[in-house]
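As you go down the protein sequences, you meet chains A and D in turn.
Going letter by letter, the first sequence gives residues 1 to 202 in UniProt numbering.
Going letter by letter, the second sequence gives residues 1 to 322 in UniProt numbering.
Hint data in this document are derived by calculation from the structure and do not stem from the laboratory.
You may find that some hints are simply not true.
Below 27 Å or equal to it, Euclidean Cα-Cα: the simulated DSSO-like pairs (lysine-lysine) are [as the list claims (entries may be wrong)]:
| # | chain 1 | residue 1 | chain 2 | residue 2 |
| --- | --- | --- | --- | --- |
| 1 | D | K122 | D | K77 |
| 2 | A | K143 | D | K36 |
| 3 | D | K36 | A | K114 |
| 4 | D | K65 | D | K77 |
| 5 | A | K114 | A | K143 |
| 6 | D | K122 | D | K88 |
| 7 | D | K88 | D | K77 |
| 8 | D | K65 | D | K36 |
| 9 | D | K35 | A | K143 |
| 10 | D | K83 | D | K122 |
| 11 | D | K35 | D | K65 |
| 12 | A | K114 | D | K35 |
Label-pair ranges, simulated between beta-carbon atoms [what the hints assert, rightly or not]:
| # | chain 1 | residue 1 | chain 2 | residue 2 | range |
| --- | --- | --- | --- | --- | --- |
| 13 | D | K83 | A | R141 | 48 to 54 Å |
| 14 | D | P199 | A | N182 | 53 to 59 Å |
| 15 | D | Y211 | A | D92 | 54 to 60 Å |
| 16 | A | V25 | D | N73 | 53 to 59 Å |
| 17 | A | R95 | D | M270 | 37 to 43 Å |
| 18 | A | A144 | D | G155 | 31 to 37 Å |
| 19 | A | D92 | D | S80 | 35 to 41 Å |
| 20 | D | K83 | A | R95 | 36 to 42 Å |
| 21 | A | N182 | D | G160 | 33 to 39 Å |
| 22 | A | G154 | D | G160 | 51 to 57 Å |
| 23 | D | G110 | A | A144 | 55 to 61 Å |
Note that the structure is a prediction, hence the values are computed from the model and not measured.
No residue lacks a Cβ here, since even glycine has one placed at the ideal position from N, Cα and C.
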Amino acid sequence: MSASDDAERAGTARDHESGDAARTVLDEHDISRALTRITHEILERNRDSAGLVLLGIPTRGVHLARRIAERMSEVEQRTITAGALDITMYRDDLRLKPARALEHTEIPDDIDGKVVVLIDDVLFSGRTIRAALDALTELGRPKAVQLAVLIDRGHRELPIRADFVGKNLPTSLVEKVKVRLNESDGSDAVSITDSGRSEVSS
Amino acid sequence: MITNLLSAGDLDRTDAIRILDTAEELLGVASRPIKKLPTLRGRTVVNLFFEDSTRTRISFEAAAKRLSADVINFSAKGSSVSKGESLKDTALTLQAMGADAVIIRHHSSGAPHRLAQARWTKGAVINAGDGTHEHPTQALLDAFTMRRHLVESTGTDLAGKNVTIVGDVLHSRVARSNALLLHTLGAHVTLVAPPTLLPVGVEHWPVETSYDLDASLEKADAVMMLRVQAERMNASYFPSAREYSRRYGLDTARLGRLPSHAIVMHPGPMNRGMEITADVADHVRSVIVEQVTNGVAVRMAVLYLLLGGASGEPEASEEGTS
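I would like the entire structure built from these sequences, with the hints used as guidance.
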């Protein structure tokens, strides 16, 4: 996550219920459909699911990765597990903020020669993915790295793009995209808030 | 979070658990093909050692290097200190060279406090053992090892666990730091030593004391044996080494009286045959070697939390800075 994405996440937890200025763009069913489609797209593109390693980026990326792994297990008729890749130590904005707590890293399989699919909730500046690519190099040498995101909100600051996108969401920089997932926030929804108004609740 | 690590007593429960949880994640780095993280690239860490040390200095050096910091090792032997340079002038020299953190071990109790409070150096000061006073990172790695064996999960403390610390408490900075930290984490500490080796004022420590090792074995979840620090003893503290080892040494018979889940610890270096017999030191329930491994992870966590981000309170500026 880029610095600004983090601010969004902080917002997500804070005004969980007070979303009067929020506009819901994806509801529970939309998210479910998007993840099912992404699952099939990943399988179609790579054909062989045995050579795939799914890695979510904490915290919401991990929830999404687990859901995709579940769907993939159903389609492929075997258990596929998703891992987690914490990118905190690789961030480029570490010195701008006090030291943060680390998230859990869990690599289910050797990644050498595999196709790694990174999974995150929102693609914004691309800095999180840059950090994730750095983290991956130190864990091994994957055959290829692909990126799946639930929301692509644009405003890239680095030459990075997603291979699988749940929804392209054109936004302005003052808007905040909030992803809520059942595992961490009690319900599934993606909404856009005009940050000018949401500041009140902070 | 604190800006220096001078005493285990400076850590509150939240800080202590944050360090242990961070260490838990960093322990995984040691098993990777590339044991390195880029986090402290460009930062300079000085190991300022006025007293001999093997594992602490190497452990700090490994921890700093795994986080990509530049490490300068300074030992008093062979430096200008032997020409009579003061701590202040040494510190000012290091400051002029741009040290971001100074890890200090000194034979005088309180030297790290002096260094931190006099502001001779702008970097973070980490106490790696001062005289007979404190050794906070050792206490952290001991607590970390206990938590992995006795509680086995992140985010928790050591509430309700019984820890028995045996031996030369008087000269032990490890015992003092452990007593403070383990109390903060909710564990119950019993110090066992001959009366001559308990410090004055021990009744004000948050611990129980006893002169009888056998009585405190049955309920212990962890037993920590301390080294008899002959180099700090200028008088007879006990009649003979043999008597000490009979009354306060951990042998196979005493090991058998511990509960089956209990672990045996030693901060090192060991005097085999004195406070611990060789078979106990090499026993499967001894976690002495593991303590060393955990030491690197814990010190990485301390360095990361002190140097990894901008200075200031964590969480407070979680948003709005970007």
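Taking the hints in turn, this is what the structure says about them:
no., hint, in the structure
1, D:K122 to D:K77, "holds, 25 Å"
2, A:K143 to D:K36, "holds, 22 Å"
3, D:K36 to A:K114, "holds, 22 Å"
4, D:K65 to D:K77, "holds, 23 Å"
5, A:K114 to A:K143, "holds, 5 Å"
6, D:K122 to D:K88, "holds, 13 Å"
7, D:K88 to D:K77, "holds, 17 Å"
8, D:K65 to D:K36, "holds, 8 Å"
9, D:K35 to A:K143, "holds, 21 Å"
10, D:K83 to D:K122, "holds, 25 Å"
11, D:K35 to D:K65, "holds, 9 Å"
12, A:K114 to D:K35, "holds, 21 Å"
13, D:K83 to A:R141: 48 to 54 Å, "holds, 52 Å"
14, D:P199 to A:N182: 53 to 59 Å, "holds, 55 Å"
15, D:Y211 to A:D92: 54 to 60 Å, "holds, 58 Å"
16, A:V25 to D:N73: 53 to 59 Å, "holds, 56 Å"
17, A:R95 to D:M270: 37 to 43 Å, "holds, 41 Å"
18, A:A144 to D:G155: 31 to 37 Å, "holds, 36 Å"
19, A:D92 to D:S80: 35 to 41 Å, "holds, 39 Å"
20, D:K83 to A:R95: 36 to 42 Å, "holds, 38 Å"
21, A:N182 to D:G160: 33 to 39 Å, "holds, 34 Å"
22, A:G154 to D:G160: 51 to 57 Å, "holds, 53 Å"
23, D:G110 to A:A144: 55 to 61 Å, "holds, 57 Å"
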